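J.: Sequence:
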Amino acid sequence: MTDHPIKFKPSKHADFMQAAKVRTPKYKFYVEVGGDPAHPTIVLIMGLGAQSLVWPNEFCYALITAGFRVVRFDNRDIGKSSKLKHKKLTPAHDSPIYKAKLLGRFGLGLPLKNLQTPYDLYDMAEDAYQLLKMLGIKKYFVIGQSMGGMIAQIMAVRYPHQVEKLGLLSTSNNRPFSRPPAIEAIKAFTQPLPKSQDADALTQQFVQTIKTIASPDYFDEQAALSKAKKLFKRRFYPKGTQRQLLAILATGSLVDIDKQIHQPTLIIHGKQDKLIPFSHAYSLAKHIAHSQLILIDELGHDMPLALTEQLASQFIAHFSYNAQIN
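full-length UniProt numbering puts the first residue of the sequence shown at 1, with every later residue one more than the last.
Keep in mind that the hints were calculated from the coordinates and are not lab data. Fair warning: this is a prediction, and the values are worked out from it, not measured in the lab. Treat each hint with caution, since some may be false.
What the hints assert, rightly or not - For each label pair, taking beta carbons as the anchor points, the in silico distance ranges come out as:
1) 305 x 37: 27 to 35 Å
2) 158 x 67: 34 to 42 Å
3) 36 x 196: 42 to 50 Å
4) 222 x 12: 31 to 39 Å
5) 234 x 306: 21 to 29 Å
6) 200 x 158: 40 to 48 Å
7) 200 x 220: 17 to 25 Å
8) 18 x 216: 32 to 40 Å
9) 259 x 8: 35 to 43 Å
10) 164 x 234: 29 to 37 Å
11) 5 x 256: 38 to 46 Å
12) 12 x 197: 35 to 43 Å
13) 222 x 196: 18 to 26 Å
14) 84 x 158: 38 to 46 Å
Ideal Cβ placement from N, Cα and C applies to all residues, glycine included.
Input sequences plus hints: build the corresponding full structure.
T.: Shown next, in the form of structure tokens:
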């Protein structure tokens, strides 16, 4: 834990959370903490290009009222956390064709030749570990969504004495020859940014991208637009998203990592997920020994308000259960 006391103040985004900037040996992270410090801690790790505020407040509050302490934070290169501006990207990294080619080779398990990446997911797992160490939290549960779930898998193996249980939401172990994203999802995520670069154009594109992968029965375009405007006003940094994507590609398959996970693990995936098809969840369940798989018919690659209570209840039951899942 740091020698200097961390200065928390009320969060601007949730009145039941406290916010702070925490410096680790390498970087500075924006973090929000809520709940009784004496209660078991659940760490929430968000996905590619997503700020910590994408975790619904309703989800966080449900975990807290169930008797947990909750920590959510902005990953490196996103939101209010440190930006790795010294890690330069090449012009090719902005090319949709280049991105599509990388994703294709990645999906087939082929080597990514001459891929120069500033960091990988192992580095991001260390970020989370160092942040929690600075917060003085020695043991915790972890829930990771999408890329955050990939980071969580690594944490479970790298830091087995800290990570007691695992929750994986809408994520993958990136096994070669896994089913690829839907064509419309690939197009949405590899399209160039609007030339105008004005806030309205950017938020509109963002909302349409999210709509492509969201739970179709529950997508609220006006609510998504309102949320997008808040996130873009807080911090818009597309180069960070690009570097995070390269980190995923550089890390590659996590199947060997999964074989080393011994913590009880709950895997939740939506059958409407167009970005990471639900067949990826079967691979996770196959390779993680003490795992349970729940598929949700209506869920896409998001956390709609209509399903927040259900998702929270499932994770609460998992983390409250003392015995190992067989």
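J.: Taking the hints in turn, state whether each one holds.
T.: How the hints compare with the structure:
1. 305 x 37: 27 to 35 Å: holds, 28 Å
2. 158 x 67: 34 to 42 Å: At roughly 27 Å between Cβ atoms, residue 67 and residue 158 fall outside 34 to 42 Å, so the hint is violated.
3. 36 x 196: 42 to 50 Å: Since residue 36 and residue 196 have Cβ atoms about 47 Å apart, the given range 42 to 50 Å holds.
4. 222 x 12: 31 to 39 Å: For residue 12 against residue 222, whose Cβ atoms are near 22 Å apart, the range 31 to 39 Å is violated.
5. 234 x 306: 21 to 29 Å: With Cβ atoms ~25 Å apart, the hint holds.
6. 200 x 158: 40 to 48 Å: holds, 42 Å
7. 200 x 220: 17 to 25 Å: Roughly 19 Å apart at Cβ, these two residues keep to the hinted range, so it holds.
8. 18 x 216: 32 to 40 Å: holds, 36 Å
9. 259 x 8: 35 to 43 Å: Taking Cβ atoms as reference, residue 259 and residue 8 lie about 39 Å apart, which means the hint holds.
10. 164 x 234: 29 to 37 Å: Holds, at about 32 Å.
11. 5 x 256: 38 to 46 Å: holds, 40 Å
12. 12 x 197: 35 to 43 Å: Given range 35 to 43 Å: violated, Cβ gap about 26 Å.
13. 222 x 196: 18 to 26 Å: holds, 22 Å
14. 84 x 158: 38 to 46 Å: This hint is violated: roughly 21 Å between Cβ atoms.
Comparing the model with each numbered hint stated earlier shows that hints 2, 4, 12 and 14 do not hold.
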